[in-house]
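Peer 1: What follows is the residue order along each chain.
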Amino acid sequence: MIEVAHLTKRYGAQTAVDDVSFRCTPGTVTGFLGPNGAGKSTTMRMICGLTPPTGGHATVAGRPYRQLPNPGREVGILLDASAQHPGRTGRETLTLAAQLLRVPTGRVCELLARVDLPAAAARKRVGDYSLGMRQRLGLAQALLGEPRALILDEPANGLDPEGIFWMRGLLRDFADRGGTVLLSSHLLREVEAVADRLVMIGNGRVVAQGAKDELLSGAGMRVRTLDPAALQAALATAGLATAPADGGALLVDAEAEAVGRAAAAAGVVLLELQPGRARGLEEMFLSLTNGATAPEGTAR
Amino acid sequence: MTVTAPVRDIPAVATASHSPIPLWRLTAVELRKMADTRSGAWLLGVVGLLAVAVVTVLSLTADAPQFDFGGLLGPTVLPAAVLLPVLGVLSVTSEWSQRTTLTTYALVPRRMRVAAAKVLAALALAVLAYAACLAATAAALPFAGGPDPWHLPAAALGKAGLFLVVNVLLGVAFGMLLLNSALAIVLYFVLPIAWSILGEMVTALARPAQWLDLSVTSGLLLEPVMTGRDWARLGTSVAVWIVVPLVLGLIRVSRREVK
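Order-wise, the sequence lines are chains A and B. In terms of the numbering used here, the first sequence is numbered consecutively and its last residue is 326. In terms of the numbering used here, the second sequence is numbered consecutively and its last residue is 243.
Hint data in this document are derived by calculation from the structure and do not stem from the laboratory. Note that this is a predicted model, so its numbers are computed, not measured.
Straight line, CA to CA, 25 Å or less: simulated DMTMM-like cross-link-like pairs of lysine to aspartate or glutamate:
hint, chain 1, residue 1, chain 2, residue 2
1, A, Lys238, A, Asp45
2, B, Lys243, A, Glu118
3, B, Lys243, A, Asp154
4, B, Lys243, A, Glu29
5, B, Lys243, A, Asp106
6, A, Lys238, A, Asp272
7, A, Lys238, A, Asp279
8, B, Lys243, A, Asp45
9, B, Lys243, A, Asp44
For reference, chain A alone in the conformation it holds in the complex (with noise of 0.2 Å):
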């Protein structure tokens, strides 16, 4: 549905997105994660067609973007939210839209209901939004036109805990309908809850990309005990490799049953026993935020 090859954009020397390639398919969220000034906006700018690339091509719904008839109709967009003209009421901005996508005007009430913008607030001027409600409007906005697509630029921004939790179940049941969506965003936890696939990039480039799951799993089991001496050497003998976590904790190359037995088989009483998953794309997603190379062994 959203194919990305090779993309590139340099600006003078500056390399900002570097040979990115990804697909997003029907039926799945991709999170597009990495840190500010990574090259997440220029990637999805590339793919709307609002940059263009000095390299390589993305494709929506098997066309280039820009010449797609009618594009509403096909994705929605979301690239920010602040990005509306302050002296016009929220209300207008979806009209405008809605008169361009060609959809009843009541399908402006229906999406001011759907994002929960009330009556009141749709009548008052964007300037007046919150950064919150502007995502609010910009998500009624790119489902205006009953896509099958969503590309949204850091949607959760801005938005408070319960704004975040009602976006995720959002775009969850836009997937499972057969929607495919790309989100973009610099926190992995955000991320993490609702995308079945993840692209992570730093400095322009492709670090990881898979399944979530897949991805999550390369940390092996978390596990803590009280003695964690008595635990290590117990997996050594097992023949299990080890890795100190924080907390006092280690990573275990192995199934969860192998280190319950290994520590039962020790006598050593577990505090603790979970997949690593989150860590192991945290401390990599860390990394890249600081400027670090990726850690090996990741999916390239």
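Starting from the known structure of chain A, fit chain B onto it as the hints suggest.
Peer 2: Relative to the frame of chain A, chain B by itself:
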């Protein structure tokens, strides 16, 4: 993970007909965008008030009824001709300064179509404003009319309309070239002043000004008679100040990265 949000009916997978957006629809939306912002509404309101004020003052303060339709129409059109170009400027530049280009060009990626729609919308705005000016003039005629109040030669009718059109297009062209509200508006207002000052100070400029100062050459349209030379002067300045900026602006708009 699943979130049990209240599921309202929203068709994520739709089979809508995806025909391109026709130009007239795009134009109608652009016209609406000129009037639906706070600044747009204010500008239009001020233009209307000024037009009414001009008509009222002229018809009430004239010592003896002296105006015919054609004579009163010129002054009535003037406020619109001065201020509507600002709407033409903003129609283009506000998209870039407010970054609504992110939405506009996402919905209509063919930027030349958007630009064409903006030019057409500016023309439509001029026509609508002209109709309103005609109505206001007609309403004031009984009070200001001279011996033959309804005298309105077809040429005068056309030229006053063209005057408005030329000015509004000038605004669009400046906006397109500069893509910056403040710069374009200031230049639009300062340029005629600069011409007249320079034309008086530098004698060598006086003659070119006759051909290049659009505020002078377009003013000819409000004179009762225009010679062939006058039309040539108007054409020259229109080419320099409207056609050239418009073409350069179109190139600029088509290439500029939208952020």
